[in-house]
Structure formats: C-alpha cells, structure tokens
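Trainee: Residue numbers (the numbering used here), protein chains in the order written: chain A, 4 to 415; chain B, 4 to 415.
Keep in mind that the hints were calculated from the coordinates and are not lab data. Among the clues, some could well be false.
Because identical chains cannot be distinguished in the list, a pair is counted as satisfied if it fits within a single copy or across any two copies.
As the list claims (entries may be wrong) - Cut-off 16 Å, straight-line C-alpha distance, at most; resulting in silico cross-link-like pairs (EDC-like, lysine to aspartate or glutamate): (1) 180 - 249; (2) 12 - 119; (3) 71 - 232; (4) 231 - 249; (5) 12 - 56.
Protein chains: 2
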Amino acid sequence: MAILKGFQKLTHVDEALQTWLDILQVKKRGETTVPLNKALNRILATDLIASGDLPPFDKSAVDGYALKAEDTTGATQFKPITLHLTNTQEVGAKQAQQIWTGNPIPKGANAVIMLENTKKTNNELEIWTQLARNGNISKKGEDVKKGENIIQAGTRLKPHHIAMLAAMGNTQTKVTKKPQIAIITTGNELAQAGTTPATNQIYESNGIMLTAMCQELGAQPTYLGIAKDDLTEITQKLKTALQNYDAVITSGGTSVGGLDLVPDAVNNLGKPGVITHGMALRPAMPTALATLNKKPVMILSGNPVAAIIGFETFARPLICKMLGMKHTEPRPQVNATMTRKVATTLGRKTYVRVKVTQKNKEFLAEPVSARGSGAISTMTRGNGFVIVPENREGITKNEKVLVHLFGTVETT
Amino acid sequence: MAILKGFQKLTHVDEALQTWLDILQVKKRGETTVPLNKALNRILATDLIASGDLPPFDKSAVDGYALKAEDTTGATQFKPITLHLTNTQEVGAKQAQQIWTGNPIPKGANAVIMLENTKKTNNELEIWTQLARNGNISKKGEDVKKGENIIQAGTRLKPHHIAMLAAMGNTQTKVTKKPQIAIITTGNELAQAGTTPATNQIYESNGIMLTAMCQELGAQPTYLGIAKDDLTEITQKLKTALQNYDAVITSGGTSVGGLDLVPDAVNNLGKPGVITHGMALRPAMPTALATLNKKPVMILSGNPVAAIIGFETFARPLICKMLGMKHTEPRPQVNATMTRKVATTLGRKTYVRVKVTQKNKEFLAEPVSARGSGAISTMTRGNGFVIVPENREGITKNEKVLVHLFGTVETT
Numbered sequence: 004m005a006i007l008k009g010f011q012k013l014t015h016v017d018e019a020l021q022t023w024l025d026i027l028q029v030k031k032r033g034e035t036t037v038p039l040n041k042a043l044n045r046i047l048a049t050d051l052i053a054s055g056d057l058p059p060f061d062k063s064a065v066d067g068y069a070l071k072a073e074d075t076t077g078a079t080q081f082k083p084i085t086l087h088l089t090n091t092q093e094v095g096a097k098q099a100q101q102i103w104t105g106n107p108i109p110k111g112a113n114a115v116i117m118l119e120n121t122k123k124t125n126n127e128l129e130i131w132t133q134l135a136r137n138g139n140i141s142k143k144g145e146d147v148k149k150g151e152n153i154i155q156a157g158t159r160l161k162p163h164h165i166a167m168l169a170a171m172g173n174t175q176t177k178v179t180k181k182p183q184i185a186i187i188t189t190g191n192e193l194a195q196a197g198t199t200p201a202t203n204q205i206y207e208s209n210g211i212m213l214t215a216m217c218q219e220l221g222a223q224p225t226y227l228g229i230a231k232d233d234l235t236e237i238t239q240k241l242k243t244a245l246q247n248y249d250a251v252i253t254s255g256g257t258s259v260g261g262l263d264l265v266p267d268a269v270n271n272l273g274k275p276g277v278i279t280h281g282m283a284l285r286p287a288m289p290t291a292l293a294t295l296n297k298k299p300v301m302i303l304s305g306n307p308v309a310a311i312i313g314f315e316t317f318a319r320p321l322i323c324k325m326l327g328m329k330h331t332e333p334r335p336q337v338n339a340t341m342t343r344k345v346a347t348t349l350g351r352k353t354y355v356r357v358k359v360t361q362k363n364k365e366f367l368a369e370p371v372s373a374r375g376s377g378a379i380s381t382m383t384r385g386n387g388f389v390i391v392p393e394n395r396e397g398i399t400k401n402e403k404v405l406v407h408l409f410g411t412v413e414t415t
Numbered sequence: 004m005a006i007l008k009g010f011q012k013l014t015h016v017d018e019a020l021q022t023w024l025d026i027l028q029v030k031k032r033g034e035t036t037v038p039l040n041k042a043l044n045r046i047l048a049t050d051l052i053a054s055g056d057l058p059p060f061d062k063s064a065v066d067g068y069a070l071k072a073e074d075t076t077g078a079t080q081f082k083p084i085t086l087h088l089t090n091t092q093e094v095g096a097k098q099a100q101q102i103w104t105g106n107p108i109p110k111g112a113n114a115v116i117m118l119e120n121t122k123k124t125n126n127e128l129e130i131w132t133q134l135a136r137n138g139n140i141s142k143k144g145e146d147v148k149k150g151e152n153i154i155q156a157g158t159r160l161k162p163h164h165i166a167m168l169a170a171m172g173n174t175q176t177k178v179t180k181k182p183q184i185a186i187i188t189t190g191n192e193l194a195q196a197g198t199t200p201a202t203n204q205i206y207e208s209n210g211i212m213l214t215a216m217c218q219e220l221g222a223q224p225t226y227l228g229i230a231k232d233d234l235t236e237i238t239q240k241l242k243t244a245l246q247n248y249d250a251v252i253t254s255g256g257t258s259v260g261g262l263d264l265v266p267d268a269v270n271n272l273g274k275p276g277v278i279t280h281g282m283a284l285r286p287a288m289p290t291a292l293a294t295l296n297k298k299p300v301m302i303l304s305g306n307p308v309a310a311i312i313g314f315e316t317f318a319r320p321l322i323c324k325m326l327g328m329k330h331t332e333p334r335p336q337v338n339a340t341m342t343r344k345v346a347t348t349l350g351r352k353t354y355v356r357v358k359v360t361q362k363n364k365e366f367l368a369e370p371v372s373a374r375g376s377g378a379i380s381t382m383t384r385g386n387g388f389v390i391v392p393e394n395r396e397g398i399t400k401n402e403k404v405l406v407h408l409f410g411t412v413e414t415t
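Sequences are here, hints too, so could you generate the full structure?
Mentor: The following block contains the structure:
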C-alpha cells in the first residue's frame, strides 16, 4: 500500500528550478555537423566568425555605368554631360563603363550612375545627374567585416542565418546534438490510442503531446509507453530510460494520493532522487523534480494542461541549457488588454489560458473559461498564457498583460 | 542582346497579389496521412469532429472519497460528520467510497470530498467540509462534446492539437501534402558554396535561404542550382521546374538591366507568362509574378533581403493557400515603440528591419541601419519588420508600431 500524504509545503517555482539546475550542473550536449538544408531550427554550436568581408569587393548596387564622380559635377537633365564609353581594364577621366548590379567596380571608377539617368548614343553616354564619391557602390565589408562574430553560438538557425552561413561559403554547419529525452506515462486509467478503452479508461494523450513539445524545442523524444500503476513496472521503465537517454519526463502518478508511485519509484532507484515535490504553481502543483545518475527526471502531472505547464516551467529551461542556448528561449510575446477579470490564488504562480485577437493594431486577451483546469480544450480554444505572479490575486479587467503565445493570433 | 528597359509603372502590392491569385485559382494540395509523432507543424486537412465526449464519463477531479453531497450538509472541522466506507457498486446514503483522480464516479455518488478534508478510521470516514452537488467532479462532455468541431481544417498542428487528436483515439491524422517548390538562382556572379569563387564572384546564398523559408512554412523545396545569365540555361531549368513541381521561385535576373533574363525566359515559355513586373515595394521592387501551365512562378530579386521580402509578400500567401490554410499565416506580432524615426518613400510599401527588445514588459523597436538595403546582416542583426504602408512617408520617433517578428526578442 502506498502511503497517503499531502504536500506539507509548496516550493516557489524559481527556487525549485534553480536548486534542481544547481545540482544537475547541466552541460551543453556535444556537436554534430549538418548540411545547411537540414539546419533550420537547429542550434548553432560555435560562433560564426566572418571568414571574409561581405561584400568581398566594392560592387555596384545598381545597373548603370561606372565612372569618376568628379566627372559628373553640374550634370542635370537640362544640362547633360557627355562621357566616352570604354571597355578597358581601367576607367579614365571622362570615361564610363557599363556595369550590372553586383559587378565589381572597375579600377579608376568611384561611383555608378543608374541606367535611367543616362542616354547612350554609339560610343557616347549622356549623363543627367550628379554623383557623390561612392554613389551607388556597396563598399567591401560594409555588410560584414572579416573576423566579426556574426552569429553567436546558441542561436536557433532561421532562414537568414542559414543565408549568412552560405554567404560565408559554408555548405554545412556545426549544431548542438539533440538532447535525447525519454517519455513515460503512467496510469491504469489510460488506454493506448488504437485500442478500445475499458469503460473506466480514457485515451492516453500526454505521451504524444510531450513528444511534440520536445520536438518543437529541438530535442529528440522517445516515448516508452504506458506504465500501469505498479511500482515494479514504473521502476523498470525508469531504469531503461535512465540508461539510454539524457533526461526523463514522466506524466501521472504524482499527485497527493494513494497511487502516486512515480516519486517513490525514483527514490527507490538512488540518490538524490526527488529534490522537490509540490510546486506553488497552478495548474501543475503536483510536479516533482528529481535527479538520478546525474540525469534530470521531471515528474509531471497526468492532467494534460498541468503537464504542459510543468513542461513549460521546468523542461523548457532544461532543454535550452542542454542545447547550449544562452537563455531560456521565450515564446513570442504580445502586450494585450484583458477583456475580463480572472481571480488567482495568492502565493501560486498561475498560468491563465487566454485567446488573443487583434483588432486595429490592438490586442485583446479573453480568458478561456473551463470548469476543469485539466481540460485540453482550454489549450485548443486559446492561443496564449498570461503568467500571474505569486504576489498577485488575479488580473483585472482592462489590465495590460504580457501574453506568451502558443498559437497564432487571428485578426478580427 | 537583351533590351534595356525600365519599370514604366510600379504595381500596388495588394493589387499584384490579388490579380495573380485570381488567375491562378490556387487549389489546396491533396491529403496524406501521417502518424501523430510526425504531425507537428503539419496542416490539418479535414476538421476534427469529436468522436465522443471528453471526459467520456463523470470522473473525479481529485483524490478523495465519492459520496452524496446531501450527506455533507453542515460538516465543518469542528463539527465533522461520519460516513461509512463501502466498496460496493453503488454508494448509498451515509456512505463514502475511496476514489482517485480520473476514476469514474460510482453509481449513487454525486460529489467527491478531497482527501485532506477527511480522516479515515477503520471503516468510518470523518468529513470536515460541506460539498455542493457535482463538487470535484469533471462532468462527462464538459471539455468536449461529441460532434463538436474541435480543430478546424487548415490549422497548423501544435502539441496541444496533437494531444486532442490522441485524446479522441487517433494514432494518425490527415494533413495537407507539402507543396513541391522548385528554386532556381541565376547570375554569373554567383559561386556555389564549397567551390572557390572568382575575384568578381560572391557565394550563392539565396538558394539555401529560400529552401529554409519554404521548409519553415511547411512546403517541400528542391533547389535546382545556379543558372548562368544565359537564356537557354534559364529556360531549360524553368522547363524542368514546371514539369516536376507545383510552383517555381527564381532569384536574380529581374531588375531593370541588360541581363534580366528570367522574365524573358518565362514569357518565351508560354502564356500568360509574366503578369506583373515591378512592385511598389521596398526593397523588392524588381519582383515579378507569372503563371505558366497554370503553375505559379515567383521571380524574386537576387538581392537577399529583397528576396526575403518578395517571398514574404507573395510566396507566403501562395503557400498558405496551397496548404489549405484559411488565411495567410501571420508571423508573431508585437506592439513596440520606435526608438528613432525612419524615412520611407510615399507610394511604396516598405519593410523596415528593426531589432525589438523587451524592458519592463514594454517593447522597443530600434531600426537596423545599413547602407546597403540588400545587406543580409540587417536580418541577422534584427528580429522583425515594421511594414510602412504606401500612404506614409516614414515612421516617427516614439511611434507605436506593429512589428512582424522573424527572430526571438531578448529581455534587456
């Protein structure tokens, strides 16, 4: 028989996270090399130092004619100046040479006149405008200087970063290896999708959800399946997970009750085991953090929304550290105005689900109401969280709040 | 010799896009089935209609004892009421039955008292608090009702959507097929990364950048390589692209100049060919839109930033339509305050690159300055666009602007 116990004390979220990370001393995973067409959303492993200037030479920013700026002084459409066209290596006084966007500036030239400000007749060119030195020239190194740190290690690679890597002549890049995360769900009430649930069962959904959350951050999840509410079965799955993966996430079997076997199983496996159990966090109070074999174990609630919040609060910072990111990657945020008041409990960090809409450049946040805090529909009907801190008892109507977005904002 | 030509008229961006889409009559791509662990960020192909209620039965929201609410009337910690514990199928008057979170409510019970509000002694249970009918019960269907449209077709699947699919018993889902996009870059000045560029060459970077932009939206890009500034070579690559892919994106060879061969090559291949060439858009003025064999051809500038803006403006709405999304998917947006003024040209929609930072819940947008509009470093040093409409001549200092984010916002 399991012992019935309550949480004698709830731990402040920031404190719980810091204590756990201090014990873990998380190290960045190793590096691996990927071709640039597989680099999107991977994390750059080492700073990208410019191997050369960009542009690598003075080049024309327009289609037109390279010439000497001093030869254009006083030219207007009503008082054009005539230059001689040349094809030689060097542009001399009173000469002009046709040039296209991106071409290197020929020797002797120091400006480029745009095609539309000229008229060509045989070997002569009428010019209608005056140019300053370096006019319409992209100077060597004006975009990037050789030796400059252009992309810092820990950056999530987006298309423009990949373009910069390619512009430096790279066909591949070093990225951080994906942290290998084992996921275990527990509970006799769970039926695997694809089977027929018993009358007292529901379909398991946290396994695939936590899989997707790991994928979204750039970790490599492996779902080890459902463990029954049985100490031996849970222990066995935890052992496998700890042997083969960098971190373990469990869901279920952790609230204050008779069948809360996961913390017990973790503690039976070694020291230090569970470090904190019971968070001043709503939903997700029954979350526990543990370490075994110097590996992180996150014991999340079986309630789907509480599992999401537990993941956001503890797995996100952990995975970002494993990926070598400088800070925990924030979700996109937006300032919005609350359409209704929401009450929260003093002393609990609370994740309020809201639906943000945009109207005339302003954002409104409507709380998504639901009787059950665990209702996954509060996520599918919403698109963001407002995080109410421990020292507040709620949010007022018309209050300006910062929303952390997990979905797209519609324009109404 | 190509003909030297200028843009006699620049077309308003919205008009150009609408005309092109009207001619194309873009259809949603077909459907394909993927397992849920491959469904993240794919686009749901058909509405998800709830196949049953969630929860599927009345269940306990807490660990405790199921009982009749009317038996708790008047109970307090100082005046407890004693009930008889039972294990039978039905909970009778003055009876209570132990229950865990998620368990179905036994027949006869209509509320659940939390463990911490009780004291068990042998077969008797002291209760210390009064409950209303349905207290601590998650009612059948309170999360989702059978037949409800829970996730609309065209939704990009995020972890909570995948959880909902699983909660309905699905192991796989129908998603829209990825549009197959061919990418061609053109220009004698381009050297393929991995080779040694000539002194007048730069490394090609738009091919891999556009590849990543397609991947980010959920299309399947294929890079067909660099075509020299040669009508035959460009035509050959375009033919291959049109035969084998759903859409074509080219970059380079489209500004007002002698070597702007791509629009010519497209027009030689058939009707209607180029529909609009020259956009009231900055950067990205030389963008052209075409259709051949009823397939879209987007002719983007060779300038990297102009190629990005051209993609944002025309490829993003097109690909979203091909994916069956109801609207063009917006980037995350944030309201920010400009730290400096920026001048723009009246009559041009202008994409100003900014770096957004967050300080005390407020967002500041600092324009990223650069001499060359094409400098890719304006993207790597920034994280968002402010889109200045055609009827404005710039943005003022301290103006509140809407920023479309392409990168992460740091907290300072």
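Trainee: Now look at each hint and say whether the structure bears it out.
Mentor: Status of each hint after checking the structure:
no. : hint      : in the structure
1   : 180 - 249 : within (11 Å within a copy, 34 Å between copies)
2   : 12 - 119  : between (76 Å within a copy, 14 Å between copies)
3   : 71 - 232  : neither (83 Å within a copy, 28 Å between copies)
4   : 231 - 249 : neither (23 Å within a copy, 48 Å between copies)
5   : 12 - 56   : neither (59 Å within a copy, 36 Å between copies)
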